[in-house]
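Produce the complete structure using the sequences and hints provided.
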Amino acid sequence: MTIHHLAQLNVARLRAPLDSPQLADFVAQLPEVNGLAEQHPGYVWRLRDESGDATSLRPFEPDVIVNLTVWESVEALRDFTYRSAEHLESLRRRREWFVPYGGPHLVLWWIPAGTLPTIAESRDRLDLLARGGPTPEAFTFRQPYPAPARSITGSVS
Amino acid sequence: MSVEAVGSLREPVRRAVYEYVVACADSVSRNAVSEALGIGRTLAAFHLDKLVESGLLDTGYATRTGGPGSGRPAKLYRRSAAEFALALPPRDYRLLADVLAAAVLSTGAEPAAYAAAREEGARLAAAREEEAKSAVGEVVARLAALGYEPAEDGDGTVRLRNCPFHAMAQAHPPLVCGLNLALLEGLVGDAGHVTRLAPGTTGCCVTVASKNKIH
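As you go down the protein sequences, you meet chains A and B in turn. Residue 113 in numbering that gives the first Met the number 0 sits at position 114 of the first sequence, and the numbers go up by one each step. Residue 112 in numbering that gives the first Met the number 0 sits at position 113 of the second sequence, and the numbers go up by one each step.
Keep in mind the hints are simulated off the structure, nothing from the lab. Treat each hint with caution, since some may be false.
Examples of chain A residues lying across from chain B (beta carbon under 10 Å, computed) [what the hints assert, rightly or not]:
no., residue
1, S19
2, Q21
3, L56
4, R77
5, A84
6, E85
7, L87
8, E88
9, R91
10, R93
11, R94
12, E95
13, P99
14, W109
15, I110
Interface residues of chain A toward chain B, partial, derived using beta-carbon atoms under 10 Å [said to hold, decoys possible]:
no., residue
16, N66
17, R82
18, R92
19, F97
20, F140
Derived coverage of chain B by chain A (criterion: at least 3 residues anywhere in the stretch with Cβ under 8 Å from a Cβ of chain A; other residues may be distant) [as the list claims (entries may be wrong)]:
no., stretch
21, 100 to 107
22, 170 to 179
23, 192 to 199
Given the structure is predicted, the values throughout are model-derived calculations rather than measurements. Don't be surprised by glycine CBs; every beta carbon is placed ideally from N, CA and C.
Right, dumping it as structure tokens:
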């Protein structure tokens with residue numbers, strides 16, 4: 000049984016307003032990609048607003064959109080991120096829609112299964128990664144850390 | 000060690016065994032190698048195990064279904080995931096590639112990188128232009144020459160069994176897969192083919208399809 004889940008935050012600075020022609024392709028593919036994520040093995044949860052995605056929430060800066068999700072494992076998230084043709088295609092094109100964030104734009108960390116990450120917490124994790132590089136508290140796909148060990152409640156043979 | 004691994008391929012029969020195994024889409028048994036190359040099973044097993052020892056091949060077991068030996072697991076061989084590079088004098092293009100990738104990503108220069116890759120692909124295609132032009136055959140030959148190990152599947156789509164940029168693609172997936180897609184677009188041209196990202200569990204994430212085969 001999984002006792003920890005993986006929380007993921009990524010941020011992107013818009014090149015133009017979300018309702019502009021430059022962002023039209025990004026906005027158009029969003030429902031499909033979100034739907035694929037939800038059907039992907041290992042998906043647990045994603046932050047969403049009334050419209051169904053999280054693009055109207057701008058908790059950090061007015062031109063920065065956020066994507067906050069929970070997955071069962073790094074492998075499950077990596078598989079969706081880089082092995083789903085639709086998602087890989089949108090990552091390939093991201094520079095058409097977003098300018099470089101300046102610093103890390105994605106952070107991963109472990110949370111107890113059954114709990115949800117908050118936006119404030121996710122921002123702390125991104126700051127932690129930006130300040131000190133990958134650690135077990137805030138890491139990346141390139142340098143992942145295993146989930147915390149089970150707390151020992153009995154003798155293990 | 001790379002020198003020992005690569006050196007173990009000097010023996011002609013062993014090299015033929017290695018080339019047969021890596022050309023197969025699936026893992027192969029000792030018997031399949033023995034039959035394909037017309038050598039004894041004992042000799043095939045000897046070379047296969049030497050190739051495993053040097054790290055060039057991996058082994059696994061599969062349960063046979065039906066026929067003689069049914070139920071008994073068969074030892075199967077396939078190319079290992081290890082990479083062997085031998086450069087004398089020492090060269091480190093991977094380190095350089097990592098630095099350049101970091102610079103592209105931090106400045107947001109992906110569109111410029113894709114454009115450069117597309118031009119490079121077109122240049123590579125032009126360099127081969129004097130060779131026979133038999134549509135799909137020519138495209139497959141170009142892909143093979145670059146190490147992509149192309150294989151046509153049933154519906155006319157060419158899948159690429161090997162990613163020549165594997166380690167870089169693992170480190171910087173969207174950038175390197177995007178560069179690779181642009182390179183292949185330049186290489187195969189857009190007159191008769193459609194290239195697209197279609198990642199599978201192994202191999203290159205780009206597929207090449209003939210336009211007249213697309214519905």
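Which numbered hints are broken by the structure, listed smallest first?
1, 2, 3, 14, 15, 16
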